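Here is what each chain is made of, one letter per residue.
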Amino acid sequence: MTQKPLNPLRDELRMQAAIEPCVVVLFGASGDLARRKLIPALFSLWKKQLLAPGFSVIGSARSQMSHDEYREAMRKAILEFEPDAFNDTEWKSFAAGLFYVSGATQDDQTFVGLTSLLAQLDSERGTAGNRIYYLSTPPSLYDPIIDQIGHFKIAHPEHGWARIVLEKPFGRDLKSALELDAKLEALFDEDQIYRVDHFLGKDTVQNIMVFRFSNGIFEPIWNRRYIDHVQITAAESIGVGSRAGYYEEAGVLRDMIQNHMLQLLALVAMDPPVSLDANSVRDEKVRLIKAIRPIDHGEVADYAVRGQYGPGIVDGAPAPGYRQERGVNANSPIETYAAVKFVIDNWRWAGVPFYVRSGKRLPKREAEIALQFKSVPHLLFGKTAEQQIEPNQLILRIQPDEGITLRFNSKVPDPRGIPETRIHEVNMDFIYGSTFAANFPEAYERLLRDAMLGDSTLFARRDMVEISWALLQPILDVWGGTPPSDFPNYEAGTWGPKTADELLEREGRRWRRP
Amino acid sequence: MQDQLNIQTPRRVDPSSIDRELRKMWSEASADTAHPVIRARILNLVIFVDAAALGETRDAAAELAARHPSRTIIVGLNPKASESRLSAEVSARCTVSFHRRQQICSEQIVITADGRSVDDVHGLVAPLLTSDLHTFLWWRIAGWPLGHSLDVLVDHCDRILLDSARFVSGAIELDALFSLIKECGQRKPTALPIGDLNWTRLGVWRTALATLYDVPTYRDRLAELRRITISYVPNSGRPAASAAQTVPAAAMPIEPVLVAGWLGSRLGWKGPEKQSGTERGNDVFRFSSPPAVELVLEASGPAQPDAIRSEAEGSRGHSLGIKSIAEIRFECGGEPATSFSVRLKAECLETVVLIEGQTQANRIVACDDKPDADLVAEELDILGKDTVYEDAIHGASILARLL
Numbered sequence: 001m002t003q004k005p006l007n008p009l010r011d012e013l014r015m016q017a018a019i020e021p022c023v024v025v026l027f028g029a030s031g032d033l034a035r036r037k038l039i040p041a042l043f044s045l046w047k048k049q050l051l052a053p054g055f056s057v058i059g060s061a062r063s064q065m066s067h068d069e070y071r072e073a074m075r076k077a078i079l080e081f082e083p084d085a086f087n088d089t090e091w092k093s094f095a096a097g098l099f100y101v102s103g104a105t106q107d108d109q110t111f112v113g114l115t116s117l118l119a120q121l122d123s124e125r126g127t128a129g130n131r132i133y134y135l136s137t138p139p140s141l142y143d144p145i146i147d148q149i150g151h152f153k154i155a156h157p158e159h160g161w162a163r164i165v166l167e168k169p170f171g172r173d174l175k176s177a178l179e180l181d182a183k184l185e186a187l188f189d190e191d192q193i194y195r196v197d198h199f200l201g202k203d204t205v206q207n208i209m210v211f212r213f214s215n216g217i218f219e220p221i222w223n224r225r226y227i228d229h230v231q232i233t234a235a236e237s238i239g240v241g242s243r244a245g246y247y248e249e250a251g252v253l254r255d256m257i258q259n260h261m262l263q264l265l266a267l268v269a270m271d272p273p274v275s276l277d278a279n280s281v282r283d284e285k286v287r288l289i290k291a292i293r294p295i296d297h298g299e300v301a302d303y304a305v306r307g308q309y310g311p312g313i314v315d316g317a318p319a320p321g322y323r324q325e326r327g328v329n330a331n332s333p334i335e336t337y338a339a340v341k342f343v344i345d346n347w348r349w350a351g352v353p354f355y356v357r358s359g360k361r362l363p364k365r366e367a368e369i370a371l372q373f374k375s376v377p378h379l380l381f382g383k384t385a386e387q388q389i390e391p392n393q394l395i396l397r398i399q400p401d402e403g404i405t406l407r408f409n410s411k412v413p414d415p416r417g418i419p420e421t422r423i424h425e426v427n428m429d430f431i432y433g434s435t436f437a438a439n440f441p442e443a444y445e446r447l448l449r450d451a452m453l454g455d456s457t458l459f460a461r462r463d464m465v466e467i468s469w470a471l472l473q474p475i476l477d478v479w480g481g482t483p484p485s486d487f488p489n490y491e492a493g494t495w496g497p498k499t500a501d502e503l504l505e506r507e508g509r510r511w512r513r514p
Numbered sequence: 001m002q003d004q005l006n007i008q009t010p011r012r013v014d015p016s017s018i019d020r021e022l023r024k025m026w027s028e029a030s031a032d033t034a035h036p037v038i039r040a041r042i043l044n045l046v047i048f049v050d051a052a053a054l055g056e057t058r059d060a061a062a063e064l065a066a067r068h069p070s071r072t073i074i075v076g077l078n079p080k081a082s083e084s085r086l087s088a089e090v091s092a093r094c095t096v097s098f099h100r101r102q103q104i105c106s107e108q109i110v111i112t113a114d115g116r117s118v119d120d121v122h123g124l125v126a127p128l129l130t131s132d133l134h135t136f137l138w139w140r141i142a143g144w145p146l147g148h149s150l151d152v153l154v155d156h157c158d159r160i161l162l163d164s165a166r167f168v169s170g171a172i173e174l175d176a177l178f179s180l181i182k183e184c185g186q187r188k189p190t191a192l193p194i195g196d197l198n199w200t201r202l203g204v205w206r207t208a209l210a211t212l213y214d215v216p217t218y219r220d221r222l223a224e225l226r227r228i229t230i231s232y233v234p235n236s237g238r239p240a241a242s243a244a245q246t247v248p249a250a251a252m253p254i255e256p257v258l259v260a261g262w263l264g265s266r267l268g269w270k271g272p273e274k275q276s277g278t279e280r281g282n283d284v285f286r287f288s289s290p291p292a293v294e295l296v297l298e299a300s301g302p303a304q305p306d307a308i309r310s311e312a313e314g315s316r317g318h319s320l321g322i323k324s325i326a327e328i329r330f331e332c333g334g335e336p337a338t339s340f341s342v343r344l345k346a347e348c349l350e351t352v353v354l355i356e357g358q359t360q361a362n363r364i365v366a367c368d369d370k371p372d373a374d375l376v377a378e379e380l381d382i383l384g385k386d387t388v389y390e391d392a393i394h395g396a397s398i399l400a401r402l403l
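For the protein sequence lines, the chains are V and C, in the order given.
Quick note on numbering: our numbering labels position 112 of the first sequence as 112, and the sequence is numbered without any gaps.
Quick note on numbering: our numbering labels position 331 of the second sequence as 331, and the sequence is numbered without any gaps.
No lab work stands behind these hints: they were computed from the structure.
Just so you know, these numbers come straight off a predicted model, no measurement behind them.
Every residue, glycine too, gets a C-beta built ideally from N, C-alpha and C.
Do not take every clue at face value.
What the hints assert, rightly or not - For lysine to aspartate or glutamate, the following EDC-like pairs were computed, each having C-alpha atoms within a straight-line distance of at most 16 Å:
(1) C:K385 <-> V:E90
(2) V:K290 <-> V:E466
(3) C:K345 <-> V:E90
(4) V:K92 <-> V:D108
(5) C:K345 <-> V:D88
(6) V:K48 <-> C:D369
(7) V:K48 <-> C:E378
To be verified - Sample of chain V residues facing chain C (criterion: CB under 10 Å; computed from the structure):
(8) A186
(9) D189
(10) E425
To be verified - Per the computed footprint, the stretches of chain C lying under chain V, defined by three or more beta-carbons under 8 Å from a beta-carbon of chain V, are:
(11) 160–173
(12) 355–368
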């Protein structure tokens, strides 16, 4: 028997699911993420009528501001970062739901003001006790905020629901991740916790599942019988910029590999989930990550390579080395490049290495997953052709120039009629922009919407986070305990250190040049 | 934002060699190494239009191609021409993309049919449809989709798009529209779904109303819904009613009746019965479904004179589209006294929730009258039939019969 929909007017294919009225409590409300991404994303949802009329935001930060001053600051942020999206009438209507509570998170008075304002909004704007606590703060503030949420007993409102959203990093190693999770678990149920990995909010990342599981022709060859190896790349041409303080504590292994890259690996390698509900998808991802062979401390050099950029040329302009960047220690041992080989011990992937790399100040910004197929078992086309035949590749391009490319070999037409067959590798391209010609929605818009809807599919679950840290912990230990002797070991504007090439060369493979 | 540019002025071609000319055109375009061209098409779009409106249709189609790259075939009909002949033009419409590195191009074919040749145009169009791509037919002419060529071409189509705002006689044409949808739905071997740009246009109203039901406390109040009043602007050229006179049926725009039909079908109203002798000449219907609901269609002010309409609105005939509706008000029984209102205010849609006379929530969003290209772009995302729309038309047609 079908259930009658709660909202009969939403029962149509054009209308998106409804978000219940709620208050987003934004800690770190005047920070970069809030100004650049979160407030613009919420404003965009408002304009699309995806938020209830009484939807409200309470910004909280140390800076002293009135409600009106906060509204004005956020108005300026929209005008600065999303000027095309601004409409004064709509903004005024949205801004009427923006409020601000100033003060340190450790200060009880801040939370006294916050809880009183929450009650007032429930009564005046019909937000019904529903809250999202969004921690857009440095990780050092997670503990005091969570403590205060517990102290003021606002994790489980009497009416409505409460959820907590955290930005990465979720800890800086396995131990701190476990501590953070324990603290969260003491207050919240797992289904109230939303760990943001903004890569998962990207349409092209979500398309990996659609591509794999809605096309009958790929899944049968998506295994060790046909695939030789997989390369996952997230390259950036920029340096650390204004994030030196954070980066000096993190490095690329923590910043990219532990979260974004392992999520991509899981999406591309996992088995089909039984359904698309949040836990089915995340169960499969966790199952896959659990199947990755642990790397012993003594094997780290065989599986992982680190690098740090020195001065060079990027985009035609001189770029300083990492150690010359503002805010960076002149002898910094922090890696700005990492390449790791993962081996998956299961029936589907036995013997198929997954090479994952990420780095800063590489020649260009590029994120992609490349599956290289095995070579043909027997070559028919003579000696010349043998050297020209390349194994087929399927490349899922995440950003920019989002799309999918299949590389295969083709005969080169030869009007002179030379008997020798000449073969050339060609691309069959699907380019998102030329087919759908639509702008991709901002990842945060999707993630905020999902958090308000209570859909955690695109968020990292506790076990995934912990297993990922456990997998990388030996590398963190070895790298942390052995300062690099060769840093900087790659020039800005190149594809990383020589040792990264050697990681593949010793297995008879080479990195793609995206 | 992508930049639109046309790399070619349309070139006149012999109608019998359109395909050859297209190949030549692409070959020349690919020789431009400074601006590499990607030729893209994911669907066939056939547009029927009055020959007089070819210019604006070309522009609308080019905008559309930037979102849905297609082989677009625009058929301009000029049946009153004394001479009977077919003529054709081809051009490529391109959008600069990928950090200005490449151009994404779609092809546009314009066929003009004069005199009796309007009935021969299918012979030219059918072979030009790219195989294995979905084919949409957009009827961009005021009045009903009719004609021999159209009859033949619908066999090649997956979906027909029309715009009920272009119907000249307003709401009384809803019954005929329902019959057309039913007939197309029973078409053999496959049903032919119909899309309506007016339905897409009204999406902003529907969404605003739907959000009221998203809020649990509002939903509780809406369970006590007693009366819905839809204030509308009567169609132009047909004066609004005087104080005690019913608005003539032909002055009733389609939009308020369509929204009423949608509400009735979604909320499960049974009936309706028209009330007679109502105040101020409003159309009042009573639905018996529990609890009983009264629907009031209330003329709001005088008809909009044509002179103040924008060009876009004018090209739709009598309809003002989203501006045909001035306000939709929900009044609930029981305690506390609650009303919900969604109304047009300047160029915005304002949602107001009043509980015991106090405004509890208020939201204002922009309510631009979208150009046709945007509306069609939304429709091209839908392949099957839209049962919610069809149910709404059914409900609206029942009301229209009672007007």
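Hint check:
{"no.": "1", "hint": "C:K385 <-> V:E90", "result": "violated (34 Å)"}
{"no.": "2", "hint": "V:K290 <-> V:E466", "result": "holds (11 Å)"}
{"no.": "3", "hint": "C:K345 <-> V:E90", "result": "holds (12 Å)"}
{"no.": "4", "hint": "V:K92 <-> V:D108", "result": "violated (31 Å)"}
{"no.": "5", "hint": "C:K345 <-> V:D88", "result": "holds (14 Å)"}
{"no.": "6", "hint": "V:K48 <-> C:D369", "result": "holds (15 Å)"}
{"no.": "7", "hint": "V:K48 <-> C:E378", "result": "holds (15 Å)"}
{"no.": "8", "hint": "A186", "result": "violated (29 Å)"}
{"no.": "9", "hint": "D189", "result": "violated (21 Å)"}
{"no.": "10", "hint": "E425", "result": "violated (19 Å)"}
{"no.": "11", "hint": "160–173", "result": "violated (count 0)"}
{"no.": "12", "hint": "355–368", "result": "holds (count 7)"}
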